[in-house]
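**Q** Chains A and B are the protein sequences, given in the same order. Per this note's numbering, the first sequence starts with residue 530, numbered consecutively. Per this note's numbering, the second sequence starts with residue 23, numbered consecutively.
By construction, these hints were calculated from the structure, which means they are not laboratory data. One should not assume that every hint holds.
Under 7 Å between C-beta atoms, here's a sample of chain A residues computed to sit facing chain B [to be verified]:
no., residue
1, Y550
2, L600
3, T604
4, M607
5, M608
6, D611
7, M612
8, E616
9, M647
10, D649
11, Y651
12, H810
C-beta atoms are modelled at their ideal positions from N, C-alpha and C, and glycine is treated no differently.
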Amino acid sequence: MISIQGKGVSTGVAAGPLYFYQRAKSTIRRYEVADREAEWERFKAAQAKAIDQLGVLAEKARAEAGDEAALLFETHQMMAEDMDYEEAIEGFIKESGLNAEAAVTDAGAIQADAFAAMDDDYFKARAADVKDISGRIVGILCGVVQGGIDSDVPVVLAADDLAPSETVQLDKSKILGFITSGGSGSSHTAILARTMGIPAIIGVGDQLKSEYEGREVIVDGGTGSVVIDADEETRERLMKKRAELIKRQELLNQLKGQPNVSKDGHEVRIYCNIGNPEDVHAVLENDGGGIGLFRSEFLYLNCDDYPTEDYQFEAYKKVLSDMGGKEVVIRTLDIGADKMIEYFQLPKEENPALGNRALRICLNRPEIFRTQLRALYRASAYGKLSIMFPMVASVWEVKEAKKMCESVKAELTAEGIPFSDDVDVGIMIETPAAAVISDRLAKVVDFFSIGTNDLTQYTLACDRQNNDLGRFFNAHHPAVLRLIKLVAENAHKEGIWCGICGELGADLELTETFLSIGIDELSVSPRSVLPLRQKVRETEVAAVKEKLIDDLMSDMNTL
Amino acid sequence: MKSFEYTITDPVGIHARPAGLLVKEIKGYSGSTVTLTKGDKSVNALKLMAIMQMGIKQGDTVSVSVEGGDEEAVAAAIEAFFKANL
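Make the full structure from the sequences, and use the hints.
**A** Shown next as structure tokens:
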């Protein structure tokens, strides 16, 4: 077994024979032409043909992968007749008498080098576009037919890097996955592989040797691993993962864009819990309706000192703009208890779960809180932001926190910094106290989100980190469910929404209960969105409502 | 000559696609010469790759000048294009 590690840029697992891409090699001859005008005309004809071909590719890409993919080739069409590029070619042909093939190659190299020398990764990667266009024109000049895959069975395709036109011309039914020695996450192989749902691994360098051709290879685009001649155990593990991914994909095809509505019309919003800005990708991929819990702790955990306002602002802004106007609930700093950060210099406590944590730290140290709130409100101009405070036990805490929001907004207004005036402010319900007084709390906030992990631990007085307490820590305990029901009722009496962002939200055994209680939103890990949607769509709330609540609330076996 | 300044708000800056749209737009004003300037670099706004190679990012301020033709109207139209697309 040979294991190679690259960078996964498109998820999925595929297995098949390894095949090296056969590129039509055209050795460019250089010579001086006799009739320079005729050579120029020969170039112009090839250029026109290249533009036609790109038009065909644009339509093919549009049909396979949508308008965005087509735009790539439309831009290539324009680059093929770029003024500087064309002038350089004209100069080489008309002034130096160079043949068209060599003139195009040289002019392409000049432009490609200029892109390759840029600082920005996106523009660097454009060097490949110029080379691709030049290669196409040269190919037409030489009369070369574009290459393909000469194999009867589908293969895992290996190449140094694939040009966009090469990728789109490939016979997709023959490709199980891509491996490239070079490339970047924004290369066309990566982009098109993602759009077309084929696994791709890039940057394997010279680890992939041509003598491996034809041998069985398994690629995992999620982890970037390439395994040749896998042993039994590895093979079994990867094939199991493959089956899971395929199942998820089927679910996705079937459920993407579908509403989360029960058979009898009860709708629930399914949002996602995320821990850093990169997770947004998974949210959108799994068709999450928004973000119900963005844990802001990562910003603090990744730093050696308090993160600055600008640093936080950029992170929040990225998530808000990447979510394109869908709601994003950002939870303010929630450290303490099991999450400790050195530079906060919090004294060791006897009882950290009941100690100085979350909103309590923020209210005790308003300068830290103020920095975060300023960053949040500044970012609110870039999307639909909601702010959520963790670990509330009393109404006064919420009032004090909201007062700080008001003073931050006043500061920003005075400084002329834009922010949205449509930011909802809500709280997590994770202490029994908050659940019991949720009727009062509902009057001062815009929403509730129930944190079931902590709510269970505090309600049952049972440490969730203690392995010996497994059977005592029962999130289905009627006490917990009664509190959830109470909170939802109190929220609705005041006309605000109530969600669940703890692990219980994804518990399919309770979906019916949550729907019948009238929970408005379930925030779960991105992977859980579609299974949950499926469950919701299979549920008939009216049929289970009374009976279910009764059973769950008073079951003698769990009580 | 008529010119205006504009600060790019598009998060990705002038990458390939918007540069292509820009050149397409400028092509419509064949009577005028349009120049795009960032810092000490100026390019003819018909030159797609040269525009991309300026590496214009969000927050960069560029200046656009129009010479020849109906300068007022062309500059106004191009400015509207920048506001709508960049």
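**Q** Are any of the numbered hints broken by this structure? If so, which, sorted upward?
**A** When the structure is compared with the hints, numbers 1, 8 and 12 turn out to be violated.
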